[in-house]
Amino acid sequence: MSGFSRLQPDVQPGLIDPGYRSTGLRGPKAPLIRIPHGLGETSGPRFGAGWVGPQDADLTQNGRCNGEPLGERIIVTGRVLDEYGRPVRDTMVEVWQANAAGRYIHKSDQHAAPLDPNFRGSGRCVTDGEGRYRFLTIKPGAYPWRNHPNAWRPNHIHFSLFGQGFASRLVTQMYFPGDPLLQLDPIHNSVPADARELLIARFDIEATEPEWALAYQFDIVLRGPDATPMEP
Amino acid sequence: MSNRLRQTPSQTLGPFFAYGLTARQYGYDFDQLADGRIARDDTTGTRIQVTGQVFDGAGALIEDAMVEVWQADADGRYPDAAAFADRHAFHGFGRCGTGADPARRFVFDTIKPGGHDGQAPHLNVILTMRGLLLHLFTRIYFADEAAANETDPVLALVPEARRNTLIAPLVQPGLYRFDIRMQGDDETVFFDV
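Chains as they are written, first to last, in our numbering: chain A, 1206 to 1437; chain B, 1030 to 1222.
Bound conformation, chain B alone (with noise of 0.2 Å):
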């Protein structure tokens, strides 16, 4: 252990990020890796769309966060680098601030993920913003897979009264609905991964 190299510190991502990470989408003139279009016209798999705001303690809506998810093909496996090779691929990444929308929301136009592992379908998130020295961890689960979601180890980890906190409902076909709040009696869980 002790010939272990210290880790590289985390720091805030900090309020201009957006022409650095997120410069398409905020309408800068140059481009950027990933966007909130995960799924292209030809992947394979059940359409949906994943959106949502993000709360501060104090209730008040976030307008400088960014929200990345990477998640895993309608089979349940994840892109590889030979994936990532093909710029034409699926990827399963997305990335999206929430400045840019008016109601500073998050959207994500994707493919529900298939389950792997024993785990149910979900996305991966990490969530970054101005206040946050290091990321957070978090995951979207769908309301509408209730059998899995039953036995899915991850969300067996989480008190039962905060499951739901993970659980995205389905707000009307093909549109989910996913709000992160930082703190308070509905705070979102965040994990330490």
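Just chain A, same shape as in the assembly (with noise of 0.2 Å):
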């Protein structure tokens, strides 16, 4: 049978990695085994539209208490596909991300910022025929964190996606354009130079919703089917 295409190194971050600390005691030393990809692999968790309410995808109000979140209002909007540019239909993205002022509501988070009792910062929501997905969503805010002295994480929403197969399984971050923090963050330099763009989104006047929301496009490319395609 045939498998999933592999990790592409020049755009995947290493798993020791000298500007992020915790890599130093977590990261395997030893080489990873490769294996074949038999049904383990290429077969996978397929979470579709049944597994989402008709709020999950809505981070303004699934966490409403007694008003309105605080914060920018924005869209999250995007295409998944597979390397041949194929959408990747009705499947799972799950995201969580800290609120307006850079708090998350994780119990363990102890940054000084206020918590929103109106957001809670997760969601989930199912692409469509096409591989889109949309959330609606609070601007995240930056917060510090003890990598290194006056260590800043840029603003960012975490995404867990399953894609076609156990092997195309992607947890990543998406971060804004133009944030100051991006060249400092060794999370984000972990990844080769000239792939870090790949996790910005792109400003998008197109796919705003005027009077209401700024939108961003973060379009999201998963391993896949191993399948060449048709040459002329």
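Since the hints were derived computationally from the structure, they do not count as laboratory data.
Just to be clear, a hint being listed does not mean it is correct.
[Stated by the list, open to error] Below are the EDC-like pairs computed for lysine to aspartate or glutamate, each with C-alpha atoms no more than 16 Å apart in a straight line:
#1 A/K1234 with A/D1215
#2 A/K1234 with B/D1115
#3 A/K1234 with B/E1216
#4 A/K1344 with A/D1384
#5 A/K1234 with B/D1214
Put the two chains together into one complex, using the hints given.
This is how it looks when you write it as structure tokens:
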């Protein structure tokens, strides 16, 4: 059986990265052992449209307690594609993020910034027939971390995707254009320099909702069945 | 090859995933796609529990890892899209963070999968956490399947001295133990999938 495409080493980070301190004791040191792709790798969880509720993709609604969440409303949308540009349909996209002040509701986040009682910061949606997903959310704030003195994470949204098989799973982060913290961030900089732009959303005036919310476009390319496309 | 799109690079899960991916397990008041209960009450197969801890290169317990399992049913078949269209079917997928259990274990309640394609029964595992820029793949094989493990083509790719890192001992009837070590002399085998 034909397998999935392999990781592209020229775009992917390494497992031990001198700039990102936590990798030092957590990244494995022995070489990974390459295995062929069988059923366990080319099949995978297929959470589809039946697994999302009506407000799951609207983070401005799904955490409301007694009012609207604070911050700048934004639309985050894009297509999920395989490496041949084919849409990945009916696939689950999970997101989580900090609020506008740079605070996660996670119990272990100790950053001295306010929680927003009307913002949870997590959601999910399933791609449509063209591989498109769309979230309405609040632009996340930057926050400090302890990787090095005066370290701050750029604004980002965490993404988790399944794709077509267990081998196509992806966990990543989306960043915003023009963020001055990007060039200082060891996590973003763990990616080879000319591939870093792949993690930065594009401001998209066409996808904005006038008088309501600005929009950012973030297309995601997953590994998939490794078929050579037809060429003339 | 040149007309291929570039893949989206991987980034770390980070430390604050729990309310997004494992909310119910961590006591948040909203749901999650899957948890450590992989087998349903009506799932056919031998009931097992698989549990373990994750250790870093200094031997410290890792409290913020997330472990995912993808497995076949008792007949060696993986659930397909039709199975996922039925909320009450066996889905073969589990997800468990290590931060909610007092002993920082992951715990999966499931059934022993059937073998397939000449492979011994096993659980396919994705491990991810703060400090991993790419998620890792490993497998959990079962110590009481020695004959099947002997002929498993994936285990055969692993140097003999490291194979035992992939084979979970049966510590009591129905309970397997699978500890994961990120580094060191008994570093768990991770696969390039």
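Hint-by-hint comparison with the structure:
no. : hint                 : verdict
1   : A/K1234 with A/D1215 : violated, 20 Å
2   : A/K1234 with B/D1115 : violated, 41 Å
3   : A/K1234 with B/E1216 : holds, 8 Å
4   : A/K1344 with A/D1384 : holds, 12 Å
5   : A/K1234 with B/D1214 : holds, 10 Å
In terms of the numbered hints stated before, the structure departs from hints 1, 2, listed from lowest to highest.
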